[in-house]
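Assemble the complex: chain H is given as a structure, and chain Z must be docked to it using the hints.
Residues per chain, in single letters:
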Amino acid sequence: MKIVSRRGFLAALGSLAAAPVFSGSTLAASPLNRASADGAPLFASAYRKAGGEYGVGIVDELGQMLAQISLPGRGHGIAVARDGSRFVAFARRPGTFAVVVRPFEDAQPELITSDPGRHFYGHGCFSADGRLLYAVENDFAAARGVVGIYDMSGGATRRIGEFETNGIGPHDILLGPDSRTLIVANGGIETHPDKGREKLNLETMAPSVVFMDSHTGDILAQHGLEKDLHQLSLRHMALDAEGRVWVGGQFEGSPDDVPPLIGIFSQDAAPDLTVIPDPVASGLQNYIGSVAANAGGEVIATSAPRGGQTLFWSASSGAYLGTRSIPDGCGIARIDRGSFLVSDGNGALSLVTDPADPAEVLARPPGISWDNHLFNLAKIDAA
Amino acid sequence: MRLWVFLAVAVFSATPAPAADFNPPLERLVSNYIQPAMAEFAASVETLPDAVRDICADNGPEATEAFRSAYAGSLQAFARIQFLRFGPLLEEDRLSRLAFLPDPRGIVQRQIRKIYAQEDPGVGSAESLKDKSVAVQGLPALQLIAFDRDSEVVLGRPGAEKDYTCGYALAIARNLVAIAADLEMTWSDPDGYRALLLSGGPENDRFRTPKEAMEDVFNALVTGLIIVRDQDLLPALGTSAAKAKANRLPFSRSGNSVVYLSGELLGIQEAVASLGLEELTPSDFQWIFNALGFEFDNAQKLLSELNPPLRQTFTGDDSYSRVSVLAITVKSLRDTMALELAGALELAGGFNSLDGD
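Going down the list, the sequences are from chains H and Z.
Residues in the first sequence are numbered consecutively from 81, following my numbering.
Residues in the second sequence are numbered consecutively from 97, following my numbering.
So that you can see chain H by itself, here it is in the shape it has in the complex (with noise of 0.2 Å):
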């Protein structure tokens, strides 16, 4: 695996320094006045300052800070669209806000706010066309999770409906190979505006992964897991090469349990469970912070990172290909085949080209914990 060279933009944009930094207005002017995609990746994640703001980065694939976007709350999951053209933040969950980033044009970031009685849950996806933005929400009075429909296709963004999960605490959500079945992952967890993010049913949760027509919202499967993993919450999702949806999960249940942590789903079949070899399990407190795939779909990453390990898989096999430590280590993106970045709480972004080698710093913004989740923006070609 080589890095791709440096692009000509960041010399367009001066130098390192002059990154905009949009300081001071919630949302302001478009970050990278750049006509059109060149190949060579950007990725976006969710941070933190040191001084409490939260906001939206753009890093190249040096991991150098590009751009920034301020958000009026802590973010989560970034929905990219798939000719690369814009990309909506989510508010991390329960949230009441998503914004809408063309990060190639001179455009003003859009701000959409959720409905009464709905709160964004943290994640949502394009549809193939990039015309509709699919999130997931909470309708908390009646503890039941939807999936907001929005038209992206005016000027402003519009909600023009919603389906039901099937389910509680809707968190990822992917649009499956065949551009059309939303697969959405119900944590289970059910939670309430009056009590903040306290978990109100983890003895009767009952996590599952939908297939989902995106047209009718006609729910085609659904997958749980057996009863001694009720209380398994499957948040995060990553498809592979085969189709099939590898799903993270958080163990809400005693800590002393090393419950398998990661599953893998397809519409027609039960789910498999990986095994995570000793020590390796009993070191990860329970819990997987993102799942990605690499670019071809052949290698999965999951990150733990209260155990501070990133863990890899063969997609083909589901066997287990190694891990690297990366303290605090959350958000994967891939960066080609052969690589991915992973982002942490630390400021750091790092590259891994190999279970067996050490991961690699490229670069550590100083002040910038990156929140959960990194994606790559770059545009997908058609399937």
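Note that these hints are calculated values from the structure, not bench results.
Predicted, not measured: the structure shown is a model, and the values here were computed from it.
Treat the hints with care, as some may be off.
[As the list claims (entries may be wrong)] Chain Z is nowhere near these chain H residues, computed Cβ spacing over 10 Å in every case:
| hint | residue |
| --- | --- |
| 1 | 153 |
| 2 | 251 |
| 3 | 293 |
[Said to hold, decoys possible] Below are the EDC-like pairs computed for lysine to aspartate or glutamate, each with C-alpha atoms no more than 20 Å apart in a straight line:
| hint | chain 1 | residue 1 | chain 2 | residue 2 |
| --- | --- | --- | --- | --- |
| 4 | H | 129 | Z | 187 |
| 5 | Z | 397 | Z | 380 |
| 6 | H | 129 | Z | 301 |
| 7 | H | 307 | H | 274 |
| 8 | H | 129 | Z | 451 |
| 9 | Z | 341 | H | 440 |
| 10 | H | 129 | Z | 312 |
| 11 | Z | 427 | H | 440 |
| 12 | Z | 339 | H | 332 |
| 13 | Z | 341 | H | 434 |
| 14 | Z | 341 | H | 437 |
| 15 | Z | 427 | H | 437 |
[Claimed, not checked] If you want the footprint, here are the derived chain Z segments under chain H, 3+ residues with CB under 8 Å:
| hint | region |
| --- | --- |
| 16 | 152-158 |
| 17 | 179-186 |
| 18 | 198-207 |
| 19 | 355-367 |
Where a beta carbon is used, it is the ideal one built from N, C-alpha and C, also for glycine.
What follows is chain Z alone, placed relative to chain H:
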């Protein structure tokens, strides 16, 4: 009703042990470590402009040695403050301007090459340099133009680029002096960041309790240890002695890796000691301080056994295995701090580990 609430609060607050007050340790850290370290850094870099001028006037052995010593002294003093990643060091990009690190892909070198190719006049004075890329302003940039890859001082050597390089080096030196003076002044300002850090409470927007302020400071110390191992040592160690890369050690070009590493670890050790956390730590956990002292001392001992410049000696003697042990020692220090001491003091750890999603 009001009375009942009042009583409930009174009973509740009377029962548990009083919450640890983290303000006195933070006050000691600022007064006894940060302020003196910032003053020392400012005093060290103040020797650089004269050293640059002297070697550029006459690069004889005396001036060369004086420059080498001024640069090493500045690096050591910088190593002792760079882990204080909160407040003044973050404001105005000061940390990145002092040293653009890490730089595994040679961004500093690439940008400096371009500056030379264009004979960019912008690096000729501290005033114009401070508006250039942060990567070309600081100690790594000075190292790159003042030393060759064999750790020899080249600044002041006769040649076509001598005057340009001397002008650039003087600009960097003066820029460093200005930043260091700002740091010293900002930390001394009784109404500055010091006041924010020491006033954790409901009125403070940044730190709602002194414990939150302590958590920021504590995590910076832990991050400092992570940097030593993951960023400074592991890339040089590679996966085996055969794949070692001594030139990946910090400031190896000027032969100052040991000076820098030793400054980083000694700084963290003294900062931890200045906090005096022993008085807030339950007796069951007092062993942690002995363990930390033992490991920090081991680290310094390992460093003192190396033979700089490491670019020349890293794979030739026992250096590689000593640095391997050093990496393990620093990992152990990190674990003792982040797991044991943070646990004993009930301090919250990493951003992502905490209350995740």
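Hint check results:
1. Distance to chain Z confirms residue 153/H as a non-interface residue, since its nearest Cβ pair spans about 13 Å, more than 10 Å.
2. Under the 10 Å C-beta cut-off, the non-interface status given to residue 251/H relative to chain Z is violated; the minimum distance is some 8 Å.
3. Separation of residue 293/H from chain Z is adequate, the least Cβ-Cβ distance of about 28 Å exceeding the 10 Å criterion.
4. The straight-line distance between the Cα atoms of residue 129/H and residue 187/Z is roughly 11 Å, inside the 20 Å bound, and the hint therefore holds.
5. Distance hint between residue 397/Z and residue 380/Z is unfulfilled; the C-alpha atoms sit about 28 Å from each other, more than 20 Å.
6. This hinted pair checks out: residue 129/H and residue 301/Z have alpha carbons roughly 14 Å apart, not beyond 20 Å.
7. Among the hinted pairs, residue 307/H with residue 274/H is inconsistent with the structure: their alpha-carbon atoms are about 30 Å apart, more than 20 Å.
8. A hinted pair counts as satisfied when its Cα atoms are at most 20 Å apart, and residue 129/H with residue 451/Z qualifies at roughly 17 Å.
9. Taking the CA atoms of residue 341/Z and residue 440/H, the gap is near 13 Å; set against the 20 Å cutoff, the hint holds.
10. For the given pair, residue 129/H sits about 11 Å from residue 312/Z by alpha-carbon distance, which is consistent with the 20 Å threshold.
11. Our distance criterion of 20 Å between C-alpha atoms is met by residue 427/Z and residue 440/H, whose separation comes to about 16 Å.
12. Pair hint residue 339/Z plus residue 332/H does not hold up; C-alpha atoms about 43 Å apart against a cutoff of 20 Å.
13. With a C-alpha separation of about 18 Å, the suggested pair residue 341/Z and residue 434/H falls inside the 20 Å cut-off, and the hint holds.
14. Simply put, residue 341/Z and residue 437/H have alpha-carbon atoms about 14 Å apart, close enough for the 20 Å limit, and the pair holds.
15. Among the hinted pairs, residue 427/Z with residue 437/H is consistent with the structure: their alpha-carbon atoms are about 17 Å apart, no more than 20 Å.
16. Figure legend: the region 152-158 of chain Z, annotated as covered by chain H; annotation inconsistent (0 residues with Cβ-Cβ distances under 8 Å, at least 3 required).
17. Requiring three or more residues with a Cβ within less than 8 Å of a Cβ of chain H, the coverage given for the region 179-186 of chain Z holds, as 5 such residues are present.
18. Counting residues of the region 198-207 of chain Z whose C-beta lies closer than 8 Å to any C-beta of chain H gives 6; at least three are required, and the coverage claim holds.
19. Check on the region 355-367 of chain Z: 0 of its residues sit with their Cβ under 8 Å from a Cβ of chain H, so the three-residue criterion for coverage is violated.
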